[in-house]
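Undergrad: These protein sequence lines are chains A and B, in that order. This note's numbering numbers the first residue of the first sequence as 39 and each following residue consecutively. This note's numbering numbers the first residue of the second sequence as 39 and each following residue consecutively.
If you are wondering where the hints come from, they were derived from the structure by calculation, not from laboratory data. Possibly wrong hints are sitting among the right ones.
Claimed, not checked - Quick list of simulated restraints, FRET-style, between CB atoms:
{"no.": "1", "chain 1": "B", "residue 1": "GLY165", "chain 2": "A", "residue 2": "GLU101", "range": "49 to 55 Å"}
{"no.": "2", "chain 1": "B", "residue 1": "PHE249", "chain 2": "A", "residue 2": "ALA46", "range": "41 to 47 Å"}
{"no.": "3", "chain 1": "A", "residue 1": "PRO41", "chain 2": "B", "residue 2": "GLU164", "range": "50 to 56 Å"}
{"no.": "4", "chain 1": "B", "residue 1": "GLU138", "chain 2": "A", "residue 2": "ALA187", "range": "28 to 34 Å"}
{"no.": "5", "chain 1": "B", "residue 1": "GLY126", "chain 2": "A", "residue 2": "LYS146", "range": "18 to 24 Å"}
{"no.": "6", "chain 1": "A", "residue 1": "GLU207", "chain 2": "B", "residue 2": "PRO93", "range": "40 to 46 Å"}
{"no.": "7", "chain 1": "A", "residue 1": "ALA46", "chain 2": "B", "residue 2": "GLY224", "range": "45 to 51 Å"}
{"no.": "8", "chain 1": "B", "residue 1": "GLU67", "chain 2": "A", "residue 2": "LYS58", "range": "31 to 37 Å"}
In this text, a Cβ means the ideal position worked out from N, Cα and C, and glycines have one as well.
2 protein chains.
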Amino acid sequence: MNPTMKPADIEKNSFAIITKELGGRTFPEGQEDIIKRVIHTSADFDYADNLVFSPDVVQKATEALRQGATIVTDTNMALAGINKTVLGKFGGQAVCFMAEKQVADEAKKRGITRAAVSMEYAAKLEGAVIFAIGNAPTALIRLHEMAAAREISPVLVIGVPVGFVNVVESKELFIGGDIPYIIARGRKGGSNIAAAIVNALLYQIYAREGFEK
Amino acid sequence: MNPTMKPADIEKNSFAIITKELGGRTFPEGQEDIIKRVIHTSADFDYADNLVFSPDVVQKATEALRQGATIVTDTNMALAGINKTVLGKFGGQAVCFMAEKQVADEAKKRGITRAAVSMEYAAKLEGAVIFAIGNAPTALIRLHEMAAAREISPVLVIGVPVGFVNVVESKELFIGGDIPYIIARGRKGGSNIAAAIVNALLYQIYAREGFEK
């Protein structure tokens, strides 16, 4: 054990271990960083097989983030995990409407989830929006409905809810469809995974432009 | 898919699926709820084998929480995931010192991690304290040092950092020792897992005393 190792070195060593244990597997450009960061966040190599990407989604999402896209999460936990210092350098912000009283009141009145209502609030945001959904299948379902009705046109939907009920199906809605996506197929995911994917996108821009993390 | 299912029913169904897939496995009283909630949070059944508990730790920790123990986390993400409404009903609070400027300055000056310094700040807290560590091995190592030197006497250390460097070893420090612990043996864990364990403890009190979640 080496408790005096610097955080940057720990991360570098961790990624080297992940690369080694992936045993020479290769992934499309841009996707590899994301897959490895999710494994780094979870120590779960299932994500090497679970994560699916729509065509060119990494390139388009990093371009939008570079220009200050807004990120919407479905939990304050995912919001807390996003590197807002880096996001802020590009002029972007991250928001979550889940804890707002209005959202809770409206959800109760209409008999739907707060997550679904919070997505409707997010639909009113102007400019490019990336949705990072790590918890609520109902958020994903509502996003899919609104996109189908042309009420929203997201740059990217990160769809990585975790769980046992409605989760798998809500993610399958997106796969192969027109809405740009990064989906963790199956039951696995979480707010930490959603945040890790956002951060991996941000760090790709950093790496490309020669910033120090 | 049934997107109109109520959150309470989704949780109930999810736990039923988890119980079924655990195939009749039994766990000691109090530990079962925690193990199942961690699986619910991660969809990862490895935790049925990974989680290890010191003797009587669940009983002692729930008793302390019932009396308003303070929870200290090593990330704002874990802090965000803890159910502060329930915690607050018992008079408890959750804190994280990681984002404080003083902590960052001191860590830089001393050449140690912010996580280690943040544990020293937490050591000054009065009353019963539960540490919920989901990210930093250096936080666990510092807690172990301070407990050995009798500078702290925690009610419970939840030791569930995730990762590939120093993580496994930092957790093994506690197993079989005198400091009350709940540890996720091996590489797996995370801020979401730390929060889930805290919430499982809180919900046990709720269930025992007949509160509605």
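Undergrad: Is 28 to 34 Å respected by the C-beta to C-beta distance linking GLU138 of chain B and ALA187 of chain A?
TA: Since the Cβ atoms of GLU138 of chain B and ALA187 of chain A sit about 45 Å apart, the hinted range of 28 to 34 Å is violated.
Undergrad: CB of GLY126 of chain B to CB of LYS146 of chain A, is that within 18 to 24 Å?
TA: Since the Cβ atoms of GLY126 of chain B and LYS146 of chain A sit about 21 Å apart, the hinted range of 18 to 24 Å holds.
Undergrad: Honestly, do GLU67 of chain B and LYS58 of chain A meet the 31 to 37 Å range at C-beta?
TA: violated, 42 Å
Undergrad: Given the hint of 49 to 55 Å, is the C-beta distance from GLY165 of chain B to GLU101 of chain A inside that range or not?
TA: holds, 51 Å
Undergrad: How does the Cβ-Cβ distance of GLU207 of chain A and PRO93 of chain B compare with 40 to 46 Å: does it lie in that range?
TA: 43 Å Cβ-Cβ, so the 40 to 46 Å window holds.
Undergrad: How does the Cβ-Cβ distance of ALA46 of chain A and GLY224 of chain B compare with 45 to 51 Å: does it lie in that range?
TA: Because 24 Å falls outside the window, the suggested range is violated.
Undergrad: Is it true that the C-beta distance of PRO41 of chain A to GLU164 of chain B lies inside 50 to 56 Å, as the hint says?
TA: For PRO41 of chain A and GLU164 of chain B the Cβ distance comes to about 28 Å; the hint is violated.
Undergrad: Regarding PHE249 of chain B and ALA46 of chain A, is the given constraint of 41 to 47 Å on their beta-carbon distance met?
TA: holds, 45 Å
Checked against the numbered hints above, the structure violates hints 3, 4, 7 and 8; every other hint is satisfied.
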